[in-house]
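J.: Could you put together the complete structure from these sequences and hints?
Spelled out from the first residue to the last, the chains are:
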Amino acid sequence: MKRFDCLKFLASIIDPKTIVVANVGPISREWNALRPSDANLLQVNLGLCAAVGLGISICLQHRKVVLLDGDGNLLLNLASLTDMANQNLGNTVHIVLDNEAYEGGGGLRSATAGKADLAAIARGAGVSESCVATTLEEFETKAREGLNRSGHHFIVAKVEKGTVANLPTLTLDGKEAKYRFARYIEGTEGVQILRPRYTHI
Amino acid sequence: MQAAAVEAVLQGLKKAGVDFISLLPDSDFSDLQHQVASDDEFTYVPVSNEAIGVGVCAGGYLSGKRPALLVPTSGLLVAAWPLTSICMAWGLPLLLLIPYRGDIGDAFWLMGPYKDTTEPLLKVLNAPYSVISRTAEISKAIVDAQGSTVSWQRPVAVLLTGETIK
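Protein sequence lines correspond, in order, to chains A and B.
Start counting the first sequence at 1; every next residue gets the next number (my numbering).
Start counting the second sequence at 1; every next residue gets the next number (my numbering).
No wet-lab data here; the hints were simulated from the structure.
Nothing here was measured: the structure is a model prediction, and the numbers come from that model.
Don't take every hint at face value.
Claimed, not checked - Chain A is faced by these chain B residues, among others (derived, beta-carbon under 8 Å):
1. Thr43
2. Val45
3. Ser48
4. Asn49
5. Ala51
6. Ile52
7. Gly55
8. Cys57
9. Gly59
10. Gly60
11. Gly64
12. Ser85
13. Leu92
14. Val150
Said to hold, decoys possible - Label pairs and their calculated CB-CB ranges:
15. B:Met111 to A:Asn148: 49 to 55 Å
16. B:Gly17 to A:Arg109: 45 to 51 Å
17. A:Glu189 to B:Gln35: 26 to 32 Å
18. A:Thr134 to B:Ala107: 56 to 62 Å
19. A:Gly107 to B:Ser27: 40 to 46 Å
20. A:Pro36 to B:Ala3: 49 to 55 Å
21. B:Asn126 to A:Glu160: 36 to 42 Å
22. A:Glu176 to B:Val124: 22 to 28 Å
23. B:Glu7 to A:Ser12: 50 to 56 Å
Where a beta carbon is used, it is the ideal one built from N, C-alpha and C, also for glycine.
T.: Here it is in structure tokens:
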């Protein structure tokens with residue numbers, strides 16, 4: 001199963017207002033090519049995609065939030081799963097595109113190429129809706145369920161290494177991405193995030 | 001932390017408009033943590049390490065909340081990773097509230113190294129800070145720090161020492 005095919009399916013069924021948080025590396029580049037949007041928060045640094053996504057999921061409980069994570073990325077900060085589980089999230093689909101490697105770092109094997117089972121770890125952390133998809137058909141079924149149902153869904157998609165050719169370059173740095181995402185949330189949620197007035201100063 | 005200091009912190013957080021608090025349970029903040037957890041004015045997110053706390057607060061801020069992270073002195077070193085890779089890289093604000101263990105007068109030897117790490121670390125993280133030793137100054141320091149972190153779009157810390165944590 002190719003990661004790009006999983007993301008392509010996801011992009012074909014996802015609501016345009018669904019917030020997507022993705023970790024730095026090929027996942028962000030592929031997702032940006034498939035669904036460029038200010039509802040994306042891309043290139044979250046290694047180990048922190050789940051944490052940032054958790055904060056958004058807690059605060060915007062009426063919005064669907066999808067996390068596009070990697071195996072190496074999640075392995076760096078596994079305790080995130082325990083904290084997510086304890087929040088009883090009703091709006092989150094956490095997808096780990098598990099290529100069993102640190103692809104962006106040269107392709108060395110990650111722990112999931114050995115004995116680590118992220119779906120079992122998630123279940124142990126308290127995420128009851130945890131599964132593994134090894135074929136595109138399985139992924140499509142699980143992803144559709146996750147998007148259409150409430151709860152906290154954890155899907156490990158076992159994918160091949162490798163990306164697709166000629167992806168557009170991600171031209172946003174973190175600061176511009178922050179402003180665009182924050183302005184998008186301001187516009188869709190009716191809140192003021194940037195430059196609030198502080199009368200006590 | 002003294003009861004009066006706990007009350008001053010709570011007052012300061014509310015006056016500053018903070019409505020989202022993440023923390024790792026810590027002995028120096030235990031009374032404060034119990035109050036924050038049971039106060040409906042705060043969205044309370046306990047975390048298993050301080051790096052997750054920084055990430056959670058970043059998500060909270062970008063969703064319209066005004067977050068603060070209560071960080072044990074040692075935990076600031078754990079938080080240094082996302083304070084760099086998220087807050088510095090993206091230009092995100094974050095109010096950090098830190099009990100300053102290892103400051104002069106702290107008799108526990110194990111805390112000594114944090115005198116060497118805490119303030120230099122905040123400086124290299126480009127996070128301005130106030131060192132507050134009097135309970136009467138806590139509330140205003142928090143309000144000022146919150147105003148500055150949001151205005152400057154970088155983390156600002158309040159270190160609590162002296163009578164506030166004795």
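J.: Work down the list of hints and note, for each, if the structure agrees.
T.: The hints, checked one at a time:
1. Thr43: Nearest chain A Cβ about 6 Å off; hint holds.
2. Val45: holds (6 Å)
3. Ser48: holds (4 Å)
4. Asn49: Asn49 of chain B check passes; min Cβ-Cβ to chain A is 6 Å, inside 8 Å.
5. Ala51: Where the cut-off is 8 Å and the nearest Cβ of chain A is about 6 Å from Ala51 of chain B, the hint holds.
6. Ile52: holds (4 Å)
7. Gly55: This hint holds: Gly55 of chain B lies near chain A, its Cβ roughly 3 Å from the closest one there, short of 8 Å.
8. Cys57: Cβ of Cys57 of chain B sits 6 Å from chain A, so the hint holds.
9. Gly59: With a closest approach of 2 Å, the Gly59 of chain B hint holds.
10. Gly60: At about 4 Å, which falls below the 8 Å cut-off, the nearest Cβ of chain A leaves the hint on Gly60 of chain B intact, so it holds.
11. Gly64: Where the cut-off is 8 Å and the nearest Cβ of chain A is about 4 Å from Gly64 of chain B, the hint holds.
12. Ser85: Status holds, d = 4 Å.
13. Leu92: holds (6 Å)
14. Val150: holds (6 Å)
15. B:Met111 to A:Asn148: 49 to 55 Å: holds (52 Å)
16. B:Gly17 to A:Arg109: 45 to 51 Å: holds (47 Å)
17. A:Glu189 to B:Gln35: 26 to 32 Å: Check passed, 29 Å falls within 26 to 32 Å.
18. A:Thr134 to B:Ala107: 56 to 62 Å: The hinted range 56 to 62 Å holds for Thr134 of chain A and Ala107 of chain B, with Cβ atoms some 58 Å apart.
19. A:Gly107 to B:Ser27: 40 to 46 Å: At roughly 44 Å between Cβ atoms, Ser27 of chain B and Gly107 of chain A fall inside 40 to 46 Å, so the hint holds.
20. A:Pro36 to B:Ala3: 49 to 55 Å: holds (53 Å)
21. B:Asn126 to A:Glu160: 36 to 42 Å: At 41 Å between Cβs, range holds.
22. A:Glu176 to B:Val124: 22 to 28 Å: Holds: the Cβ-Cβ distance is about 24 Å, inside 22 to 28 Å.
23. B:Glu7 to A:Ser12: 50 to 56 Å: holds (54 Å)
Checked against the numbered hints given earlier, the structure satisfies every one of them.
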